[in-house]
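**Q** Sequences and hints are given; from them, build the entire structure.
Read off the chains here:
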Amino acid sequence: MTTEAGSETEIKEKAEGSVAQPDQSEATEENQEVVNSESATTEGVEEKKEKEKEGKGISRFLPPWLKKQKSQGQVVPKETSPTKEVPSTQEEVGKVKEEEEEPAPELNGHAEEVEKIEEVKLEEFKEKEAESHSNASADTQPAKEEKIEENIEEIPEETKPAPEGEEQAEEHQQQQEEEKKEQAEEVEGQGEGGEEHPSIFQSPLRLVRKAKMKMVVCHVTLLDGTDFSCEVEKRAKGHYLFFKTCEHLNLLEKDYFGLTYKDSHEQRCWLDPTKEIKRQIRSNNWQFAFNVKFYPPDPSLLTEDLTRYLLCLQLREDVASGRLPCSFVTHALLGSYTLQAEFGDYEPDQPRPLDSISQLTFAPNQNKEMEEKILELHKSHRGLTPALADTQFLENAKKLSMYGVDLHHAKDSEGVDIMLGVCANGLLVYKDRLRINRFAWPKILKISYKRNNFYIKIRPGETEQFESTVGFKLPNHRSAKRLWKVCVENHSFFRLNTPEPPTKARFLTLGSKFRYSGRTQTQTRLASSLIDRPAPNFDRTSSKRISRSLDGAPVISITEAGRVSSPTSLTGAGNGREPTLELHSDSKSPLRVHGDNIYVRHSNLMLEDHDKTQEEVLKHQASISQLKRSFMEAPPPSPPQPNQWEKRLTSSPATTLRIQQQQGVSVTQTEATPADDANFSDTKELGKTTEVEIEETVVIQEVSKATKPAVVTVTASPSPAAPPQREVSEQEVKAAEEATLQEAKGGKQESVSSESESEEEAEYHPNVPSSISHTQIPEEKEEEEEEGEAEREQEEDKSIGNTVASQEAPLVPVEVSPSAEASSGEGEKSRTEGKEEGEGETEESTEDPMVTPDEAPNGHALPEEGITGLIALAEEEETPKPPVVKTEMVTISDTFAAQKTEIATKEVPIVHTETKTITYEAAQLDGSGDGEPGVLMTAQTITSESLCTTTTTHITKTLKGGLSETRIEKRIVITGDSDIDHDQALAQAIKEAKEQHPDMSVTRVVVHKETELAEEED
Amino acid sequence: MANMCPYGRFTHAVVRGIPETFGTVAGAGHENGENSVDLAKAQRQFGVLTGALRQKVGLQLIEIPPDPELPESWRIEDVAVIQGDTALMTRPFKDQRRSEVEAVRRVMSELNLTVVEMGSEEGGSGGATLEGSDVLFTGREFFVGISSHTNHRGAEVLADTFRDFAVSTVPVCGGARLKNICSMGGPNAIIISSSDGAKKTLRMMEQLTDHHYEMLTVPEDSAANCIYIKGPSNVDYLLHRTSDECPDSVPAFQKLPDYTLLPAACSEASKLGASLSSLCLLINRKHTYF
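Residue numbers (this note's numbering), protein chains in the order written: chain A, 1 to 1018; chain B, 1019 to 1308.
The reader is advised that the hints may include incorrect statements.
Taking lysine to aspartate or glutamate pairs in the DMTMM-like style, the calculated list, with each CA pair at most 25 angstroms apart, reads [stated by the list, open to error]:
(1) A/K473 x A/D406
(2) B/K1218 x A/D432
(3) A/K411 x B/E1224
(4) A/K398 x B/D1103
(5) B/K1304 x B/D1254
(6) B/K1289 x B/E1081
(7) B/K1059 x B/E1087
(8) A/K443 x A/D412
(9) A/K399 x B/E1232
(10) A/K262 x A/D272
(11) B/K1304 x A/E467
(12) B/K1218 x A/E414
(13) B/K1304 x A/E395
(14) A/K450 x A/E462
(15) B/K1217 x A/E467
(16) B/K1304 x A/E372
(17) A/K373 x B/E1135
(18) B/K1289 x B/E1238
(19) A/K431 x B/D1254
(20) A/K368 x B/E1238
(21) A/K399 x B/E1224
(22) A/K262 x A/D406
(23) B/K1218 x A/E464
(24) A/K399 x A/E342
(25) A/K368 x B/D1228
(26) A/K443 x A/E464
(27) A/K398 x B/E1232
(28) A/K431 x B/D1228
(29) A/K398 x A/D432
(30) B/K1218 x A/D412
(31) B/K1112 x B/D1178
(32) B/K1217 x A/E462
(33) A/K443 x B/D1103
(34) B/K1304 x B/D1178
(35) A/K443 x B/E1232
(36) B/K1218 x A/E462
(37) A/K399 x B/D1178
(38) A/K373 x B/D1103
Simulated from the structure, these hints should not be mistaken for laboratory data.
**A** Written as structure tokens, this is what we have:
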């Protein structure tokens, strides 16, 4: 951005000046400000000095993993993404600037952003889940205020609470200080930075409390039996508490876990992270348990021993309670590994008396014989480290047939008592202990419940013609819904590569929109692979009572990631300081430098998690804890994230807008790079022509502006060679935009309907759409989608597909431009604020207002019919239509690129991820199976060094006398250097088409050759 | 878990000699059919089988002497289901056969197996019936064929005994026994008949399993019952019916790579509805935890 004069004290200027501020300049400014500022007390000065020190020498304090993060964030955008390497000239300039600025500013700039965010949150009184920032400790309150002010103004795009925020901050300073003191007392004895951080987190909460919110103490029973108390505001959502708990545990691979509570009927329920805790527990018993939610099928793939240890604890409990049945021998073996892990080698000299063993519970029917066997086996484990013993434990436990099976009582259609088991592979049906049926996830087309009935629709077998529905009776409506939710979540986690966006608006349908909001196993594995921190030290149960020095005070709860991850840096800063100060200042800590990247990613994630509530998103962004984990979440070039983005973006316009804004403000480029990477991977385009690349970059920028994520890749490739494709893409783009708009509307609707979630019924169409097929469209997916879609399509307008898109095409550009402007302008800020506020009070109502202002223009442009249709498409879980959107996106980018170059640079990054989504979605796009005519388009681009293949697919389904005929038209454009063997490429394309649709016949092949490079096949 | 290791490792085989009363089963006359059984031939075939197990495969063979009072006692597979260290003594469908269990139980105890009684699990006369020839253990899970001789309650007892494993029930059609139409042909392979009934059972098995098995389909029912043992030096032994008894299926066996094929005739026992595997119980006493 523009370099700001260091001498300028005023924040506003900064804000206007540039989104990405250089750290150094800011730092200087800050110092000056500090001096000038009225509020600057001696403490404040000291603190600031500390800050400066940190800023300069932060790298020293930062633990290696943090450093790496930084480097990733910076480097990735530049180096990683091929697209950026060969960006358009304008972009290049922009990038260069950014790059130059970024490296230096990372420390301060990021931190500032974080602070800003936090303040905003405070003002809003919203949940500040993200706050668990370990680094923040260094900053003092005064510093915060100043920084905050600066930040706020600096980052107009995000949310401008600035004036208010400042005032409030000042008002609360004293309060905060008091609070800090209190906290300090609490934290007594904890000298380390990690401890301090928690306090930091709390400070914002407390402020809030004074303002409005009431705080509640939550008790979470951990897997080792200890109790963890955490203060949350009454309105806090589930994942706030969950994150706090994970921080306390220092757990990074947290996606396998969840919190449970007991409902009024003493049934164990999973706490929905996306909803307010208070509304779920429906009682004043804020008692929770931390449990394994998804048992990893192969625990050896977990990255950290800590995660395995926690899994072990859960399994020990499962085994001891009989939930996980196993034989005598297995009981003994597992028990012996437990002994080894907890007590180390068997010592012959001091043979442990059986009494001590019998105090431990290994099995439901434990007896002397078993204990002797356990001891005997324990002897054979000599030399195993605790971690290895845990590993062995898990290797044996994972093979148990009931490992990870969540059982639910039910009756079959004939009233016979059975058990339904939900697991990673699907749904199991047990009668007594016997497995009498099994429905693997791929076989299940739909999961639904109605009152106390639970239904699954089964894909027809090879010999069967029609799908069948199997119904089960559950004891009551609650249990049916609980089972349904568990199924939805397990399917999403284990079967999907990316979670499905929550159902979009369905006007006429009551029902739960519940969807799994977390990361899928694929994603979490990816994230785990990125974990780069020294293996955290943790105490096992036996030693737990003794020393807890490292762990923060339990009450504070916020011990947080900081402990493990950044103890050095934090501690360095925090040790010298008074505990009080640190507590308050979390956001201002040196870690902020990283913050930008983290922030962006975080926001994205948050968006994923909460499509509807912008507030949450903001909060999440702010949350420091996530910053820490940013690396985990950070989008590696991996496909999954892009998918999420795409989906989110497509699904909910509001989210997209936010994303753009946020990105623009903070660290657009960083994210952009990963996105780019993702796109490349998706498309498989590694060696593109330079031309192509340029186009892609442009697209990205535009996309970001437009708030439409993915499409980028697709467009780029086709554009150079084949003009006809462009047309298509434009249409698609239009459609996509429409879809987003519709979604926005849908979102409103949803919000309205969300209350009706007590719903008596709900449906879920488990499709494994996106993740798997990046480039190609697997038929299976299509089939699934078709089936699933059929129902939806009935409700929707059938013809929407291409026609609508084409008609609406002109609209797209219009929409995009406003949105981009909005993002840059203050209007956005106000918008976001309004949204947040509204949401805070009533989630449902909130969203509507939010959407309206920004999106309103877009929505108007679109014809209602088209919108509804699009909405339906977008909303549909099956994601058949999203691919279309992607294509569209691309087109748009070209159009707008020229206009909004500047903005684009900042915002671009997000878009890339979506490419993947498009592809597979496209694959899924099939006409409805029921015979309603549907036209769906798919576009995918595969690029190799010499070759670029773009495939556009039309799928038409017609219903004739009960038979459905599916006609697929594929237009394949092959573009490449002169050396290409077109015939071979065509043959390959036809072959692939056949492979994709083995049960279909190729009826016509039309080849049209153009000297330029394009081949068409109809 | 502790007990889970690839199928096929065995150290002992328990058999029971063929009594003079072979083929004169009370109440089972229909099984005899019109075919008269040749006692001497049956004993010769029994000798060939046990010889192969001991000398070719190298198992320790424990032979329980025949008891003329128990004409079907040679079908020793029916009376016990053994996995790992645990032997479940079954409750055969026919009352006359239930006393066959006693001698086998003694042997199991001598081998230091944990003996589980079906009666005790079931409360004695709970109506549970289970015969080992309806149980297919794949090394990963159990399939229990619900047949004329084995019912759900019997399967439940089995599931309760071997808790580490998934126990799935599958229908067995046509009065056959599960092991008559399928058997293990390798650590990860199931040999199965191509008959319609077998296909139906196979479909159910595929539906119920979490694992993937190689399927070797053979045209003759009689060929579907084999004995697979992984020898001490990792040699794959497959005992199968002779080419006289299943001419169309032997080529399929011969295509198995690196298998040592051990043809064994079983014509007389098969006239009574039995097959190769019916004649022996396989045990692994060198169980290793990992």
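**Q** Look at each hint and say if it fits the structure.
**A** Do the hints match the structure? See the list:
1. A/K473 x A/D406: holds (17 angstroms)
2. B/K1218 x A/D432: holds (23 angstroms)
3. A/K411 x B/E1224: holds (24 angstroms)
4. A/K398 x B/D1103: holds (20 angstroms)
5. B/K1304 x B/D1254: holds (18 angstroms)
6. B/K1289 x B/E1081: Since the Cα atoms of B/K1289 and B/E1081 sit roughly 23 angstroms apart, the hinted pair holds (cutoff 25 angstroms).
7. B/K1059 x B/E1087: Distance of about 20 angstroms is within 25 angstroms: holds.
8. A/K443 x A/D412: holds (19 angstroms)
9. A/K399 x B/E1232: holds (20 angstroms)
10. A/K262 x A/D272: holds (13 angstroms)
11. B/K1304 x A/E467: Status violated; Cα separation ~48 angstroms.
12. B/K1218 x A/E414: The given pair, whose Cα atoms are some 23 angstroms apart, holds under the 25 angstroms limit.
13. B/K1304 x A/E395: holds (20 angstroms)
14. A/K450 x A/E462: violated (29 angstroms)
15. B/K1217 x A/E467: Status holds; Cα separation ~21 angstroms.
16. B/K1304 x A/E372: Within the cut-off at roughly 20 angstroms; holds.
17. A/K373 x B/E1135: holds (21 angstroms)
18. B/K1289 x B/E1238: Given that 25 angstroms is the threshold and the Cα spacing comes to 15 angstroms, the pair holds.
19. A/K431 x B/D1254: violated (37 angstroms)
20. A/K368 x B/E1238: violated (51 angstroms)
21. A/K399 x B/E1224: Roughly 19 angstroms separates the two Cα atoms, so the pair holds.
22. A/K262 x A/D406: Roughly 16 angstroms separates the two Cα atoms, so the pair holds.
23. B/K1218 x A/E464: holds (14 angstroms)
24. A/K399 x A/E342: holds (22 angstroms)
25. A/K368 x B/D1228: Outside the cut-off at roughly 35 angstroms; violated.
26. A/K443 x A/E464: Roughly 13 angstroms separates the two Cα atoms, so the pair holds.
27. A/K398 x B/E1232: Holds, at roughly 23 angstroms.
28. A/K431 x B/D1228: holds (17 angstroms)
29. A/K398 x A/D432: holds (21 angstroms)
30. B/K1218 x A/D412: Holds, because 22 angstroms separates the two Cα atoms, which is no more than 25 angstroms.
31. B/K1112 x B/D1178: holds (23 angstroms)
32. B/K1217 x A/E462: Given that 25 angstroms is the threshold and the Cα spacing comes to 13 angstroms, the pair holds.
33. A/K443 x B/D1103: Status violated; Cα separation ~37 angstroms.
34. B/K1304 x B/D1178: Holds. B/K1304 to B/D1178 sits at ~24 angstroms (cutoff 25 angstroms).
35. A/K443 x B/E1232: Holds. A/K443 to B/E1232 sits at ~21 angstroms (cutoff 25 angstroms).
36. B/K1218 x A/E462: With a Cα-Cα distance of about 13 angstroms, the restraint between B/K1218 and A/E462 holds, given a limit of 25 angstroms.
37. A/K399 x B/D1178: Between A/K399 and B/D1178 the Cα gap is close to 17 angstroms, so the pair holds against 25 angstroms.
38. A/K373 x B/D1103: Satisfied, since the Cα-Cα distance of roughly 13 angstroms is no more than 25 angstroms.
Of the numbered hints stated above, those contradicted by the structure are hints 11, 14, 19, 20, 25 and 33, listed in ascending order.
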